[in-house]
Amino acid sequence: MYVARLSATDFRSYAQVDLDFDPGVTALVGPNGQGKTNLVEAIGYLATLASHRVAHDAPLVREGAERAVVRGVVVQDGRETLLEVEVTPGRANRARRGGAALPKARDLLGTLRTVLFAPEDLAIVKGDPSGRRDFLDDLLVARAPRYAAVRSDYDRVLRQRNALLKSAGSARRAGAQLRTLDVWDAHLATAGAALLAGRHELVEALHPLVDKSYAAVSRGGGPTAMEYSSSVAPEIAGSTDRELLEAALSAAVAASRDKELDRGLTLVGPHRDDLVLSIGGLPARGYASHGESWSLALALRLAAYDLLRADGGEPVLILDDVFAELDAARRESLADLVAPAEQVLITAAVASDVPEQLVGARYDVAAGQVRRVR
Amino acid sequence: MYEGPVQDLIDELGRLPGVGPKSAQRIAFHLLAADPADVRRLVTALTEVKDKVRFCTICGNVAEEEQCRVCRDPRRDLAVICVVEEPKDVVAIERTREFRGRYHVLGGAISPIEGVGPDDLRIRELMTRLADGTVTELILATDPNLEGEATATYIARLVKEMDLKVTRLASGLPVGGDLEYADEVTLGRAFEGRRAYS
Ligand SMILES: Nc1ncnc2c1ncn2[C@@H]1O[C@H](COP(=O)(O)OP(=O)(O)OP(=O)(O)O)[C@@H](O)[C@H]1O
Ligand SMILES: [Mg+2]
Ligand SMILES: [Zn+2]
Numbered sequence: 001m002y003v004a005r006l007s008a009t010d011f012r013s014y015a016q017v018d019l020d021f022d023p024g025v026t027a028l029v030g031p032n033g034q035g036k037t038n039l040v041e042a043i044g045y046l047a048t049l050a051s052h053r054v055a056h057d058a059p060l061v062r063e064g065a066e067r068a069v070v071r072g073v074v075v076q077d078g079r080e081t082l083l084e085v086e087v088t089p090g091r092a093n094r095a096r097r098g099g100a101a102l103p104k105a106r107d108l109l110g111t112l113r114t115v116l117f118a119p120e121d122l123a124i125v126k127g128d129p130s131g132r133r134d135f136l137d138d139l140l141v142a143r144a145p146r147y148a149a150v151r152s153d154y155d156r157v158l159r160q161r162n163a164l165l166k167s168a169g170s171a172r173r174a175g176a177q178l179r180t181l182d183v184w185d186a187h188l189a190t191a192g193a194a195l196l197a198g199r200h201e202l203v204e205a206l207h208p209l210v211d212k213s214y215a216a217v218s219r220g221g222g223p224t225a226m227e228y229s230s231s232v233a234p235e236i237a238g239s240t241d242r243e244l245l246e247a248a249l250s251a252a253v254a255a256s257r258d259k260e261l262d263r264g265l266t267l268v269g270p271h272r273d274d275l276v277l278s279i280g281g282l283p284a285r286g287y288a289s290h291g292e293s294w295s296l297a298l299a300l301r302l303a304a305y306d307l308l309r310a311d312g313g314e315p316v317l318i319l320d321d322v323f324a325e326l327d328a329a330r331r332e333s334l335a336d337l338v339a340p341a342e343q344v345l346i347t348a349a350v351a352s353d354v355p356e357q358l359v360g361a362r363y364d365v366a367a368g369q370v371r372r373v374r
Numbered sequence: 375m376y377e378g379p380v381q382d383l384i385d386e387l388g389r390l391p392g393v394g395p396k397s398a399q400r401i402a403f404h405l406l407a408a409d410p411a412d413v414r415r416l417v418t419a420l421t422e423v424k425d426k427v428r429f430c431t432i433c434g435n436v437a438e439e440e441q442c443r444v445c446r447d448p449r450r451d452l453a454v455i456c457v458v459e460e461p462k463d464v465v466a467i468e469r470t471r472e473f474r475g476r477y478h479v480l481g482g483a484i485s486p487i488e489g490v491g492p493d494d495l496r497i498r499e500l501m502t503r504l505a506d507g508t509v510t511e512l513i514l515a516t517d518p519n520l521e522g523e524a525t526a527t528y529i530a531r532l533v534k535e536m537d538l539k540v541t542r543l544a545s546g547l548p549v550g551g552d553l554e555y556a557d558e559v560t561l562g563r564a565f566e567g568r569r570a571y572s
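Protein sequences appear in the order of chains A and B. Position one of the first sequence corresponds to residue 1 (the numbering used here), numbered consecutively onward. Position one of the second sequence corresponds to residue 375 (the numbering used here), numbered consecutively onward.
Treat the hints as calculated values from the structure; they're not laboratory data. Do not rely on the hints blindly, as some may be mistaken.
Claimed, not checked - Examples of chain A residues toward chain B, derived with CB under 7 Å:
no., residue
1, R156
2, A163
3, T180
4, H187
Said to hold, decoys possible - Taking lysine to aspartate or glutamate and the EDC-like style, the derived pairs with C-alpha atoms no more than 20 Å apart in a straight line are:
no., chain 1, residue 1, chain 2, residue 2
5, A, K166, B, D494
6, A, K104, B, D557
7, A, K104, B, E554
8, B, K396, A, E63
9, B, K396, A, D10
10, A, K126, A, E227
11, A, K126, A, E325
12, B, K396, A, E86
13, B, K462, B, D494
14, B, K396, A, E66
15, A, K166, B, E488
16, B, K534, A, D185
17, B, K396, A, D57
18, A, K166, B, D493
Here a beta-carbon is modelled for each residue, glycine too, at the ideal position from N, C-alpha and C.
Bound conformation, chain A alone (with noise of 0.2 Å):
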């Protein structure tokens, strides 16, 4: 697939912007604060209706506006399909697709499908496992967007039961409130069961390609390791039988109450899980040199193209000022692989960060102004 139009209305720096792209690579260029991550990041939002840069919303929409309208259209096998959503940060977003109103916002989940690569992937690798967690998450919701319903149902979930836990352990009210911890324990259980089978299938179809796309960044390099560690229970790793991973959910929750009520926090479950990436052996985190945490950064996220496709309906590529970042060698091998994709759209400060396998429609962006050039 590929996106043919791009709208944004006082969306970041933007009052209003329309492109058209065609397949194939087109490049964004400018010099640094012109607005050329806002153009990509409007696409992403289009695909996962999120920023790839901030959580919350406020910051997409241009200071001083109420809301943000980005619209897109995207061409799959020939059919031409009109996405829009409209963002009014602190209320539910709404969007159409083919000029219908859709129920829910997150309807729009699965037309569009993104990778997007840029400099913040690093943090996979490096840092905390939220990042990983999110990772897998948006994998997931790309992949099967009923995911996104399972993730915000858990996510809810853990908030009102976080919530019952503190107002339990210090209020005097805590009687009533504690009877219905069961049910939000049961609730937890059966979200938390099946994010976990999500997950643990996730991993499992990924690991092959992450570590066929890390010996073709590095050359040759690995093999690299992914093993899914979970708070729950070692008995489950790996299991995707909802029923079991619902049962050792319940368990592990029952048997750590009396801390959970200490703490005012739920202790177990997906959301203190992590997915541990390791190169030759060696955990990637604290070990990897910067070069081969890039590598692994690459690769994760062309295995998520790799399988994504895999699934049907290409994903477009966006590439988020990331040449800029890595060496010659891994430059090279990053624009091999993705040449032959679909539709590729490249920001870069300067013409020569992109590389020449990847030379293609280029628009120069300057002062919120956006030029065809070639």
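Given the structure of chain A, go ahead and fit chain B with the ligands onto it with the hints provided.
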């Protein structure tokens, strides 16, 4: 900031659910420009709703008398109670004409984030209504979202030992939704296909 009374009005409007600061301003200036007779009608409606409307002593629905219209209707089936979160859900279900029993309005759903526990809802009143054995079926029609589900599960567990058929509205209702917004056909089907609570 505007002059005293205008700002007061904006502040009051802004406290209403679903009204943000910008809408509050728009409504305030609309009222300021409106015909005095129109505004007086609105004031009367607001005063009357507070003076005349109360909550039904049986089910908690809004009522103009001691009891609401449903509870006063002798044709309604006393053996079935449908539990809902809000009076607006009663209206939505009445529109389907599928339900001939009576209601029990909880006044919300369990939500620790908002500090709402079972004691803040009319659950004790429900247990009192169930005590004499007249009621044989309980339909849990709380909203099909997490808080609604949790409330339904909680009530189902409370009445487990009673000799009572407990059902939950069938799926088909949009999950994560609000009962009020389900269309009549969907809601009607959900009633027909309600499933027993396990
Ligand atoms: N909500 C907003 N309203 C107005 N301007 C904004 C908003 N959010 C970001 N900007 C502006 O957009 C600019 C950043 O744009 P962007 O991140 O796209 O830059 P870039 O071209 O990718 O730069 P770099 O090469 O440094 O990555 C900044 O000048 C910032 O002030
Ligand atoms: Mg940038
Ligand atoms: Zn009544």
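Here is what the structure says about each hint:
no., hint, result
1, R156, "holds, 5 Å"
2, A163, "holds, 4 Å"
3, T180, "holds, 6 Å"
4, H187, "holds, 6 Å"
5, K166(A) x D494(B), "holds, 18 Å"
6, K104(A) x D557(B), "holds, 15 Å"
7, K104(A) x E554(B), "holds, 16 Å"
8, K396(B) x E63(A), "holds, 16 Å"
9, K396(B) x D10(A), "holds, 18 Å"
10, K126(A) x E227(A), "holds, 16 Å"
11, K126(A) x E325(A), "holds, 15 Å"
12, K396(B) x E86(A), "holds, 17 Å"
13, K462(B) x D494(B), "holds, 19 Å"
14, K396(B) x E66(A), "holds, 9 Å"
15, K166(A) x E488(B), "holds, 13 Å"
16, K534(B) x D185(A), "holds, 18 Å"
17, K396(B) x D57(A), "holds, 19 Å"
18, K166(A) x D493(B), "holds, 18 Å"
The structure meets every hint from the earlier list without exception.
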